[in-house]
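Could you put the whole structure together from the sequences, leaning on the hints where they help?
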Amino acid sequence: MESPKQRQENEEPQNEVQQPQTHLIQFDVEETNEPPIKRPAPKTFGDLTIIFIFETIGTGLFAYGIVASNGSDILIAAYLYAAIFLTCKFTGGHVNPAVSFSFYCDDTISSWTLRIYWAAQLLGAVGGAWIAYLILGVVTSPSIKSTNIEWMLADLCGEAFGTFMFVLFIHIQVHEQTRQTNNDIAGIAWIALALFFSRQLSSHSGGCLNPAMGVGLELFEAFWLNDTTKLANFWVFLFAPLFGAYMASIFYNSIYLPLLKK
Numbered sequence: 001m002e003s004p005k006q007r008q009e010n011e012e013p014q015n016e017v018q019q020p021q022t023h024l025i026q027f028d029v030e031e032t033n034e035p036p037i038k039r040p041a042p043k044t045f046g047d048l049t050i051i052f053i054f055e056t057i058g059t060g061l062f063a064y065g066i067v068a069s070n071g072s073d074i075l076i077a078a079y080l081y082a083a084i085f086l087t088c089k090f091t092g093g094h095v096n097p098a099v100s101f102s103f104y105c106d107d108t109i110s111s112w113t114l115r116i117y118w119a120a121q122l123l124g125a126v127g128g129a130w131i132a133y134l135i136l137g138v139v140t141s142p143s144i145k146s147t148n149i150e151w152m153l154a155d156l157c158g159e160a161f162g163t164f165m166f167v168l169f170i171h172i173q174v175h176e177q178t179r180q181t182n183n184d185i186a187g188i189a190w191i192a193l194a195l196f197f198s199r200q201l202s203s204h205s206g207g208c209l210n211p212a213m214g215v216g217l218e219l220f221e222a223f224w225l226n227d228t229t230k231l232a233n234f235w236v237f238l239f240a241p242l243f244g245a246y247m248a249s250i251f252y253n254s255i256y257l258p259l260l261k262k
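Numbers 1 to 262, taken from the UniProt record's numbering, label the letters of the sequence shown in order.
The set of hints was computed from the structure by calculation and includes no laboratory data. Wrong hints could be hidden among the right ones.
[As the list claims (entries may be wrong)] Computed beta-carbon distance windows for the label pairs:
hint	residue 1	residue 2	range
1	Ile149	Thr229	30 to 40 Å
2	Gln180	Ile74	16 to 26 Å
3	Leu225	Gln180	40 to 50 Å
4	Ile53	Thr147	34 to 44 Å
5	Asn182	Asp227	41 to 51 Å
6	Asn182	Asn253	13 to 23 Å
7	Gly71	Leu48	32 to 42 Å
8	Thr44	Asn226	36 to 46 Å
Yeah, the Cβ is synthetic: ideal placement off N, Cα and C, and Gly gets one too.
This is the structure in structure tokens:
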């Protein structure tokens with residue numbers, strides 16, 4: 001005869017509840033160590049305020065230079081040098097919505113920070129145009145001379161490709177793994193020189209390569225000087241540089257860096 005203790009031990013396995021199988025087929029899943037998703041560092045309210053103030057000032061200086069230079073590529077590059085030199089310690093010296101957009105595509109800045117940059121840059125461009133009008137008595141903005149399809153395509157391609165080259169040079173200089181020089185003065189000169197050569201690719205449209213300059217200066221002429229015809233083709237100076245900046249960010253990260261590492 002079985003003792004009560006032995007009978008209890010024999011009955012225990014029958015009382016175990018079998019867990020239901022939730023998957024028809026069980027796979028051996030190999031754990032992979034995925035790299036952490038890159039996130040831009042958060043900005044405080046103070047940081048965003050500084051960015052807004054200095055980016056407005058820097059873009060305003062550059063907008064004034066666009067008008068005062070009277071189309072001289074050397075003077076425009078010099079004014080860009082001055083604008084970046086003034087703001088680079090506080091904002092990175094973007095003074096260009098296309099440049100800011102490329103760093104957003106690069107996950108360097110957040111979408112909210114990008115909006116602060118854009119608002120400051122547009123305000124700075126309009127303010128710079130107003131100051132130029134007060135001092136020089138004139139404001140000039142980029143314009144499309146002809147609306148035939150060949151000319152418009154030339155304007156679009158020139159603005160996009162010129163901005164692509166300009167922004168690509170910026171990414172090469174500002175990222176540590178591809179930086180050409182660690183000297184700030186020489187680095188800014190490298191970027192200003194990049195603008196000089198990139199402008200040669202967009203002679204049709206005046207070599208704007210900067211949505212804030214294209215849109216801001218045209219807005220000033222349209223509303224302050226009551227010349228709304230200037231806004232007819234402003235989209236060329238808005239979307240073509242943004243597209244060129246986006247392609248520059250993609251090219252730098254997907255093609256330039258991998259080729260450099262080989």
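Structure-based check of all given hints:
1. Ile149 <-> Thr229: 30 to 40 Å: 20 Å, violated
2. Gln180 <-> Ile74: 16 to 26 Å: 21 Å, holds
3. Leu225 <-> Gln180: 40 to 50 Å: About 42 Å separates the Cβ atoms of leucine 225 and glutamine 180, which means 40 to 50 Å holds.
4. Ile53 <-> Thr147: 34 to 44 Å: Because 39 Å falls inside the window, the suggested range holds.
5. Asn182 <-> Asp227: 41 to 51 Å: The hinted range 41 to 51 Å holds for asparagine 182 and aspartate 227, with Cβ atoms some 46 Å apart.
6. Asn182 <-> Asn253: 13 to 23 Å: Cβ of asparagine 182 to Cβ of asparagine 253: about 22 Å, so the range 13 to 23 Å holds.
7. Gly71 <-> Leu48: 32 to 42 Å: 35 Å Cβ-Cβ, so the 32 to 42 Å window holds.
8. Thr44 <-> Asn226: 36 to 46 Å: Since threonine 44 and asparagine 226 have Cβ atoms about 42 Å apart, the given range 36 to 46 Å holds.
The structure fails to meet hint 1 from the earlier list, while all remaining hints are met.
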